[in-house]
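A.B. asks: In order, the protein sequences belong to chains A and B. With positions in the first sequence counted from 1, the corresponding number in the working numbering is that position plus 13. Note that the working numbering numbers the second sequence so that position 43 is 30, with each residue one more than the last.
For the record, the hints were derived by calculation from the structure and aren't laboratory data. Computed from a predicted model, the values in this text were never measured in an experiment. Careful: at least some of the hints might be erroneous.
[Claimed, not checked] DSBU-like mimics (lysine-lysine), calculated; alpha carbons at most 35 Å apart, straight line: (1) B:155 x A:217; (2) B:155 x A:108; (3) A:211 x B:33; (4) A:215 x B:118; (5) A:171 x A:374; (6) B:7 x B:59.
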Amino acid sequence: MIPDQLFLDRVERIKRTIAFENDRATTCYTGVATPAEHMGVKMADFVSNSDLNLDTTLAYINELNEIAPIDCLNIGAGGNKINVILTMIWLSKVKMPGRELPENSLWQIEEKKVLKDEDYDLAIEQGYDALVQKILPQVLDMGELQEFMEYAQKNGQKNAEKVIANIYPSVNSNNASPPFEILCGARSMSQFFMDCYKIPDKVKAAQDAIFPGVLENMVATTRQTNGMGSWVGGWRGASALVSPKIWDELVWPYMYKMGMTLLENGITPTFHLDQNWDRDIERFLELPEKKFILNTDSMTDLRRARKLLGEHAAFMGDVPPQLLATGTPQQVTDYVNRLLDDIGTKGVFITAGCDAPGNAKFENMAAMFKAAYEYN
Amino acid sequence: MSIAEMLANLEDEAVMAEVKKQISDGVEPMKIFEACQEGMNIVGKKFQDGEYFVSDLMMSSAIFKDVSDVIKPLLGTEGEATIGKVVLGTVEGDIHDIGKDLVHAMLSAGNFEVIDVGIDAPVDSFVNALKENPDAKVLALSCLLTTCYDSLKATVEAVKEAGLTDVKIIIGGGPVDQSVVDFSGADTYGETAQDAVFIAKELM
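Please construct the entire structure, taking both the sequences and the accompanying hints into account.
C.D. replies: Okay, structure coming up:
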């Protein structure tokens, strides 16, 4: 299909924002669960019916787009099962509404120690694929994975065209998880953090052993989905959560390498950073300037980050989820204005911190994008 | 190096070896336990000063729990004395346990008795726990999902409706800040597990 000129303009806007050549703050939608309540769709149906998921999400974004232009999407518009995606990222079981949870509740990660002591040795000896094959059936119904793959194969192209027809380019089409996050998810945070103190050499050996598979998978998946960019996830590896020694040895080298590998393959890395990364934010200067995005959730100090990083990295964030859920449109507008007053509009994508919550008020979402679009 | 210093340095094996040695040498168990608590206080100070991070808190809590399991049976009635009692749980609809468990560990290390009602805890479980423990003056609620703010609010309201007006309510969790205190009617919030200990001590 030949994309609309506005779609191509928006793709160009994404590129210009990353290069700090944008003329205003770029509006970027993220909110995997947000459309359901506003559009009157039960969460259980929203997450289990992939066609309904995509159509509902696009209808919701279109409603927002009538109030203020939505220049782009952070990471697609849904269209496949969230539990399969999240399980593939973290190797953790995801409890789903209408199945293990009430129909209108949000999905939740069930964090259990699935990765046994001896599985570290399996990872070290046989690598990523062997580890995934061992762990995955314990946290995901393989039939559901099969359905997921078949749906993607059958509908992937059609769904991508539907999003393009709605004139929303996506900054990212893939969500890659560093080895630290994969092992943490499969081992449970409490146990994995203990491992980082008690058996750090083994943890590092396992991370090194699975890393080639992680890199290969990251590039292949982004290419298969014809994406401009890929997330490099930073969740449990946040500076506020782990000691400098753990971060320096087990977190950053892998995130850095993932970023560089994406760039070498012509793919833009978006470092999706939950929690607070203030302590180590300057380390992102090690990556080439104006080639990547830091996607923060409001806990990292973007004002300080802008001072330290200058125009090295584009920012994507960071209206707090709690403000979108409980605040007023005026409070959201004030937040966006103050943020842009302090960090400027160049190299800035305005979006919800982390991910807009399921109970974000529509008027607050609209206020966020309107404030960003109208900011002078 | 003292037990307190070893624990503060997160030297798990050395702490356990020294604890066992001192027990066999006939050192009073309460003195050993107090040394461990002193170590945890140093950890808390380091966390407050930005020298330690959440993983360090988790490691110290694990060490403290292991040594407590060894020492507490030797303490007898002396070991039952605590600063006070806290009822703790993750609100209904939310199955997150890591933050709650860390708060539990830090409160225990801070010499509080913790009544833990678990995760996805119905409103009644908090009210019942407070009624069964009338000496519990603090209720600590964990909430990691914005979609569970209503559960948070319902729990606060139920506690007040039950006439437990002298119970102070602390809330905590990733998406919790002053705006959620205002929304839920709780008394205050803590940003970290260590905050929970400081706040509970102030409220006692």
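A.B. asks: Hint by hint, say whether it matches the structure.
C.D. replies: Going through the hints against the structure:
Using a Cα cut-off of 35 Å, the hinted pair residue 155 (chain B) and residue 217 (chain A) is violated, with the two alpha carbons roughly 44 Å apart. Between residue 155 (chain B) and residue 108 (chain A) the CA atoms are separated by roughly 33 Å; this keeps the pair inside 35 Å, and the hint holds. In summary, the hint linking residue 211 (chain A) to residue 33 (chain B) is supported, as the alpha carbons are separated by about 20 Å, within the 35 Å threshold. Taken as a hint, the residue 215 (chain A) and residue 118 (chain B) pair is broken in the structure, with Cα atoms around 48 Å apart against an allowance of 35 Å.
A threshold of 35 Å between alpha carbons decides the hint, and for residue 171 (chain A) with residue 374 (chain A) the separation of about 30 Å falls inside it, so the pair holds. For a cut-off of 35 Å, the pair hint linking residue 7 (chain B) to residue 59 (chain B) stands: about 13 Å separates their Cα positions.
In this structure, the earlier hints numbered 1 and 4 are contradicted, and the remaining ones agree with it.
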